[in-house]
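Q: The listed protein sequences derive, respectively, from chains A and B.
The working numbering numbers the first residue of the first sequence as 7 and each following residue consecutively.
The working numbering numbers the first residue of the second sequence as 8 and each following residue consecutively.
Incorrect hints may appear among the rest.
The following label-pair restraints were derived from C-beta to C-beta distances [what the hints assert, rightly or not]:
| id | chain 1 | residue 1 | chain 2 | residue 2 | range |
| --- | --- | --- | --- | --- | --- |
| 1 | A | F76 | B | R160 | 38 to 48 Å |
| 2 | A | E252 | B | S253 | 52 to 62 Å |
| 3 | A | G88 | B | K203 | 56 to 66 Å |
| 4 | A | F76 | B | D255 | 33 to 43 Å |
| 5 | B | R252 | A | S126 | 17 to 27 Å |
| 6 | B | A366 | A | N203 | 33 to 43 Å |
Keep in mind that the hints were calculated from the coordinates and are not lab data.
Every residue, glycine too, gets a C-beta built ideally from N, C-alpha and C.
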Amino acid sequence: MKIEVLFPEICNLYGDLANIRYLKECLPDAEVINTSLQTRPRFLEEPVDLVYMGTTTENGQILALDQLRFYREQIMEQIDKGTNFLITGNAMELFGERIEEDGEEVCRGLGVFPGIARRSSVNRFNSLFLGTFEPGPKAGQDGTEEEGPITVVGFKSQFGHTFCEEGDTGLDHLALFTPERGPGMNRYAKGEGIRINNFFATYVIGPLLILNPPFTKWYIRNRLGAPIEELAFEAAATDSYNCRVEEYSDPKTGLYYWGGTNQPWT
Amino acid sequence: MKRLKFYLALWCAKLSIVALKLTGHRGTDFPGRIAVKICPDFLRQAKVPGQILGVTGTNGKTTVCNLLIGMLTADGKKILDNNQGSNTITGLTTAFIRDMGLGGRCRSDAAVLEIDERSSRVVFPMMEPDFLLINNLTRDSIMRNGHPEYISRVLSRAMPAKTRLILNGDDLIASNVAPANPRVYFGFESMEGDVKECVNLVNDLQICPRCHSILQYTNRRYHHIGRAFCPECGFHSPDLDYEGRSIDTEGMRMDVRCGDKWEHGFRLLNESVFNIYNVLAVTAYLSELGYAPERISQLLDQTEIVKSRFNVDEVGGYRIIRQMSKDRNALGSSRAFDYVSGLPGDKELIMMMNNLSDAAVWSENTCWLYDCDFEFLNKDNIRNIVVTGPRAKDYYLRLKFAGIEDERISFVHDETDAPGALRLYPGEDIYILYGTDSIDLADQVAEKVREQIREKAAGRSEIE
């Protein structure tokens, strides 16, 4: 199995690269390819099982886009073909239409989905996330058997949100997760993240794959095609996950963090 | 009208200080909050002391400020400081109010101020430091600070043109703040234990700021701290105006070059790299203030070292060490882990760096655990790690991820019960790793450890 990590020298914030370290623990035979800004991405040359990109700085977004822009058409083709992409944190914003800061356009995105990332140079939006993932038809079951929704937990810590020209809820039909508590793509949206074929992108960090063993097991089995029985440190990860699900489901637990208060953002 | 507001703010804040004293409160920024509420530009209107000496950066601000205050006071200066309060605008305002008479005039010769780096955008328009030291800019609270490049941008945008910067030349993020400002650099060309490749999970400056090629390091201390160059465009770490060398961790001394001249025997606080930088930083600072190197060395010798972040007790043949390991700060905790794991002898750790304020309101964002080098703790002489507090299960998972076997991890829900899980191997050191808001709780846990040791000793003598 080949896992390609795009630009780990700049896309490495908030523990996100541990998603890949964890996959490597779960799949010891996997080959992890680290592709730097100076290198042509491997997935353009040969099939890879997963293309991963994690959170970066605002300047890092521009540097990454400067590279990815050259390959926009090929990226679209790969998404159409069903190549697995897992994009976490603000790396998702690169795949939208454009990024704005304080009302001004900073750069054009790749246009994979019609999102407009609007960020502030001052405010930081922090929250917890509790939501569900709908796996859809079970792999190899001819679409006849549905798996139940999987509960997903994590954090959000970002300078902005993603909106849509067609309205603030205009991306809901592409959502990767459905929020139960905590925000979606923006404070009006009913969906979190983007799912187009096997292109999975989300603001949720954690690291996502470590915090969510049920989702990770589904992902490894059904998207990466590895029939694993057990995840790495599965008992400890599940214990931590169950504790977090219970905590976040408790109405007494605040989900938004704003200057030390438990109030939704204004 | 403006002045009237200023005096009203001052007098109300002064009254609140009296009220706080009577009710037994201390170290609060309440007076500053009152003053800013009544007069938002209180600090701009204040008649400040002769010199404003600022210190900012991610790690080491408090230690550097304490050293500066101690050394300047030892030199006979009257210093205004905020070391009893917060380092944001209200904490700074409180410090000035405490120093002012009812007429609004400060009594001190100079102000030594620890300034929260993110608050600089609010503080600097109100009060322009004459000097500002930036000790380092590294990954800190994800929720508040985001990442060091963002903080560098905040500082650069807010920096007053007149402020002279004293910068860590071994930190390419800190040393590139506000490039138009006058500046000097301090650092170490080499240090024992330097490496070329990064051994840490976090390395926040991997590419050349100029051409974006991969940077190389001739000497790396930790993370992105060290001497770097770009093989493609020739960019390199800045030349040092103040350089340390010949670090003697037995005699606790080092040599410092101020300009062209080497001076010998500057006292060190302890052997941690953080604190070696802190001593060089204050030496550079005082030199910039006009002090001769010999005098700086004398003042260092006379200064009492504050030990609030590293306290050692000896009980019944055990050493109990309270070591601050900043919660939500991957780099700070990595440094603490590296330091503790590098010390000789058997150890047990109580890991309780939970952020209790977050736990009270929502739930801590634990992303930072995966930026933090828990792998340093995977050493045979660390024989038991007791994970405890609200995030104990997350610590447990993280330690497993670091390759530490179950036999060397104990889980205890409540911090005050954690000492009961210690195995108390004879002659070992017991470390209590605590966060910024669990200082009092760490004291309670330390007391329980002492009791535990006494009970064990009593039990042994009964058997005998």
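Q: All hints are to be evaluated individually against the structure, with a verdict given for each.
A: Each hint tested on the structure:
1. A/F76 / B/R160: 38 to 48 Å: 27 Å, violated
2. A/E252 / B/S253: 52 to 62 Å: 56 Å, holds
3. A/G88 / B/K203: 56 to 66 Å: The hint (56 to 66 Å, Cβ to Cβ) is violated, given that A/G88 and B/K203 are roughly 42 Å apart.
4. A/F76 / B/D255: 33 to 43 Å: 54 Å, violated
5. B/R252 / A/S126: 17 to 27 Å: 45 Å, violated
6. B/A366 / A/N203: 33 to 43 Å: 40 Å, holds
Checked against the numbered hints listed earlier, the structure breaks hints 1, 3, 4 and 5; every other hint is satisfied.
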